[in-house]
Every structure is written in C-alpha cells, then in structure tokens.
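Whenever a hint applies, use it, and build me the whole structure from the sequences.
Residue numbers (this note's numbering), protein chains in the order written: chain H, 1 to 264; chain L, 1 to 264.
Simulated from the structure, these hints should not be mistaken for lab results. All of these numbers come straight from a predicted model, not from anything done at the bench. None of the hints are false.
Note that the list lumps identical chains together, so a pair holds whenever it fits in one copy or between two copies.
Taking lysine-lysine and the BS3-like style, the derived pairs with C-alpha atoms no more than 30 angstroms apart in a straight line are:
(1) K240 with K110
(2) K224 with K243
(3) K110 with K243
(4) K134 with K29
(5) K243 with K29
(6) K224 with K240
(7) K29 with K229
(8) K67 with K110
(9) K67 with K243
(10) K191 with K110
2 protein chains.
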Amino acid sequence: MSGIKTDFNRSGTGLRSARGTAIDNALVKKLEGYVALDAEDKRLLNSIIQEPRTVPARVDLAAEGDKPVFVHLILDGFACRYKSTAEGSRQIMAYLLPGDFCDMHVFVLKQMDHSIATISPCTVVDIPREQILKLLERPRLSLALWCAALVDAAVLREWLLNVGQRHAAQRLAHVLCELLLRLRIVGLADKSCELPLSQTDLADTIGTSTVHLNRVLQELRRAKLITWKGDTLAILDIDKLMKFSGFNPNYLHIGMDGADEAAL
Amino acid sequence: MSGIKTDFNRSGTGLRSARGTAIDNALVKKLEGYVALDAEDKRLLNSIIQEPRTVPARVDLAAEGDKPVFVHLILDGFACRYKSTAEGSRQIMAYLLPGDFCDMHVFVLKQMDHSIATISPCTVVDIPREQILKLLERPRLSLALWCAALVDAAVLREWLLNVGQRHAAQRLAHVLCELLLRLRIVGLADKSCELPLSQTDLADTIGTSTVHLNRVLQELRRAKLITWKGDTLAILDIDKLMKFSGFNPNYLHIGMDGADEAAL
DNA sequence: TTCCGTAATTAACGCATGTAATTGGCGAAG
DNA sequence: CTTCGCCAATTACATGCGTTAATTACGGAA
Chain H
1 MSGIKTDFNR SGTGLRSARG TAIDNALVKK LEGYVALDAE DKRLLNSIIQ
51 EPRTVPARVD LAAEGDKPVF VHLILDGFAC RYKSTAEGSR QIMAYLLPGD
101 FCDMHVFVLK QMDHSIATIS PCTVVDIPRE QILKLLERPR LSLALWCAAL
151 VDAAVLREWL LNVGQRHAAQ RLAHVLCELL LRLRIVGLAD KSCELPLSQT
201 DLADTIGTST VHLNRVLQEL RRAKLITWKG DTLAILDIDK LMKFSGFNPN
251 YLHIGMDGAD EAAL
Chain L
1 MSGIKTDFNR SGTGLRSARG TAIDNALVKK LEGYVALDAE DKRLLNSIIQ
51 EPRTVPARVD LAAEGDKPVF VHLILDGFAC RYKSTAEGSR QIMAYLLPGD
101 FCDMHVFVLK QMDHSIATIS PCTVVDIPRE QILKLLERPR LSLALWCAAL
151 VDAAVLREWL LNVGQRHAAQ RLAHVLCELL LRLRIVGLAD KSCELPLSQT
201 DLADTIGTST VHLNRVLQEL RRAKLITWKG DTLAILDIDK LMKFSGFNPN
251 YLHIGMDGAD EAAL
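Following this line, the structure appears as structure tokens:
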C-alpha cells in the first residue's frame, strides 16, 4: 500500500532484556498449549533466539518473489502476512503475533508467493534452516511445531469463511475475537489488549473499504460490544461478541483437543 | 447446504480399471512437476492405491468435528473442502482434483475443523497413517509431498485475496483460470475441460449469491471469454481471461520454480 | 506551545450485490 | 408416461458497501 520500506539493518542488536525472557515465554506458552515440552526442548527453543533484532513499523521482512532464506520468528510486536492485487489493493492473510513463526516451512519453495511486513515496531529473529532442523529432531517439539503450522492453516480457512460468508460487522467482530484469544494464549491479553492496528489494516483484513470499516466499528461501539481508544481494545462482552460474529474457537485447537500425542 | 449424505460403503470395490492407471498418472504427473521421482518412488505411490472405492456425488468424506483417521486421495472426480457458518451458508475453500490428497497432515490434530465432500461421483483411496509415513521415508517423495501441501496453502491464500479484494466477475474468472491450469497439470484439460460444478458450488466458492454468480457468468459469456454448456467449460481466450481476473500463476509454483532441491 | 502530517470520522451519492419469487428444462424416480 | 425435484436463467426491488471528498482529532517534531 503506502510507505513500505525495505529491511535494512540485518545486524543483530544484541538486545536481550528482561522483555526478552518474557517474550520467549510467548513461544513456549503457545507450543505448550499443544504438547507438553521438557526442559531440553525449552532450552533448545531458547537457544535459537540469541540474536534478535528490532525492526521499525511498516517494513517488509520478506517480499513476494524473494527466495526464502530465513524463518522469521516474532518475539515482540505485530506483523502480518499479505498479498496485493495487480491494482494495488492489499489483503492481509494473517496476523503474526509474539511467538509466531512467519514461514516455518516455505524454505522448500524457491520463491515467496506472499509478503511479510511489520505493523508495529517488532523484535524478530532470523532463523537459518539448520536451526529449524535441529528443533525438528526432538519429537515433541517437532509435533508442537507441526501443530502450530496446522493451526495457522486452520486460521486461514476460517478467514476465508469469514470474508466470503459474513457481513462486515460480523467479520470485524470475528477478527477481534480471534485476536483476543490468540493474545491470551501468549499472555498478552485478558479482557482487553493492546492492538497497534490502524483502521486501514483492519479494512484490508476483512476486505472492506476503510470508510465502511469505520461504519461497522461504530456499530460495535454503539452496541457496547467493544471499546477502542488509541491502541487499546477492550472487549466489553466477549460472549455477546462471539455470538454476534458466529465465532467458534474450535479452529484454534486450543487446549485439550490440540495435538494428538499418538502421533509421536 | 442441502442433501449431503453420509459416507457408507467403506468396503473397497476392487476397482482397478484402465482408468485406474491413467489416474495414478495424475498423482505422479503432479508430483513430478515439483521433483523428479525414480522408479521406486513411483512404485511406492502405486502401492498405496490398491483399494480405491467409488463414492456418489454430494457425500461427505469427512465432517467437521470428526477425528481424522485416513488421508483421502482423489483418483477421479471432483471433491471440495468446505466450512459452514452457524447460519448455514457454505464456503468452499478448495477444490480437490484427481491426484490431490485431501488432508495430508491433519492426522496430527484431534478433530477436523472443516469438512470434505464429493462434488461429482468420485474414486477415492483411504490411506492409513503408516502408509503415509512409508512414503515420507523416501527423500524425494517426501519433498514432493511437502511441495504439494505448501502449494495447497498458497492456493488458499490466493483464494482469500480473490474473495477479499476482487469483484465478482474477476473472482469467477480467476477461479476458472486456476481450475484449468490445475487440470492441465494432471492431463485433464487443454483449452477446455469437464467441470461438474453447479452454479451454487461456484457461488459458494467466490462468496456471492447464486443469482449474482449467474449474472457475472453471463458477463464472461457475453465478453466471449468462456463457453459453458452442460459440464463442459471452454476457455476461449486464456490470456484475456487471465488479464481480466488479475491471474498470476506464480502461486501454483508450477515448473522450474517448484521445489528447491537443495532442501533434500 | 504551535505546526504539521497521518489517521479517524462523517456525509452524499452511486453501484455492486443480495433477496424473493417465477419460469422452463431435464433427468431420476415411481 | 407422469411426476418430482434440482438447476439455470431472469426480473424486480432492497440494501450493503464503495467512492469521493471534506472535516475533525491526534501524536510527534520544531
């Protein structure tokens, strides 16, 4: 769309603050939602985030047409996966939150068929293929990463259902429900959360114009379903919002019905 | 939507006609588009299709909520992946053509988050997990199957872009372009092809009402881009149709830029 | 503080698309 | 042969949503 910069400064910043350990827990928290991990698994996961770097908002981490080299892991901030049409309109196809791998497996293909960009300033790690392979050698870790990838695919399917079959207000409500739940999993939300998204981002997510997005946003506010001030979203009545949007969390495969440990 | 039957008759029919070998080539053709396979790879692929069975049109092969047990491979006919909203509207999220695995990897998760149904009468194989694991032991075969799965995901992303950002006529044209190309890969189309899809199926694919689907279908006919009679679709000017719909085949990862053999 | 640029909000208008209802064709079932 | 039901096609009408454009609010830089 507008003002996407290229990704300079690939040199690690050596940043490993107290923030870093809290964030590392985001990944562990998410994966443990699928499979129980042992100490060695967690040590390995920590070992891959030795050289995080910070990236400003609105920067492409990878662009359509590129040859994929690194797997990107988000430690902090919001990023997204997107594609654009020839006419220039953008469709966001995934939000990448702390603990999310952007492209776990695309290094099999020779070129990216979509782009990855930061939305807010982010802390990310570029992980070389060998490190990923090392993770995959541990059976439980491998299963957990599989689950994460399959859930990503399930989310994409739900988004297609959302955009294809629901009205704009429901679509928006559905996206907000999902974001809240996913942020809860990694400990970044309770009843409210920080959302660094612009209305343009949300419009490009649910496939409407920004004007109409604003209309339905007002509608949700008037219905006292949400509050949205600055970067802070508060969901006033999650049950009502889920019902309104037709949200069924089963596709996130949270909790007990996550991994089938028999797969080990 | 309407009239979905359940999947009885799981007993193999022992069907292995001349059709069978032509169909087996569909899978091989597709996979060889990604990676060159040797004789033993192909023998293994053949060995898994010993007990195909026939399934009538409009039957669920697997339903949302089920525990996944078999991987389904389509040998002949059209099937689809779909989800429905609480209100009952259906979104088709993938067409499953001869040579396509319906759910290569979902046996990791404990329950299906979507359904699979036949569209036309189909010949399918139910493949148990051990057989899949045997295939994955062969490096080139494993890579080829990986590619197929990644391309499936790429197709899903393109569909989201399609439904979210394009107008109905473009969306329809885009879907038709993709179907033609994918059918060509497995040797089932040249300039025209057999499409056993109803207009309701297409409407549920691009997220419009059937009335509007019919409108834009007429539009494509009037523009002399396609012909559509009975089950036969003919694409009169593929270049014009691709341009009209904004179709860029890169997401199918056909040909040279398919697999990165360095991944072996 | 003041200024500036970006994002949010609102209004007016037109078009794309949805809904409801009707007709004819055609194949499957009786 | 007749009937039933599905599917394609079409009309009339209602509305959700896009476009354009103008206005306001807001956060950062000087």
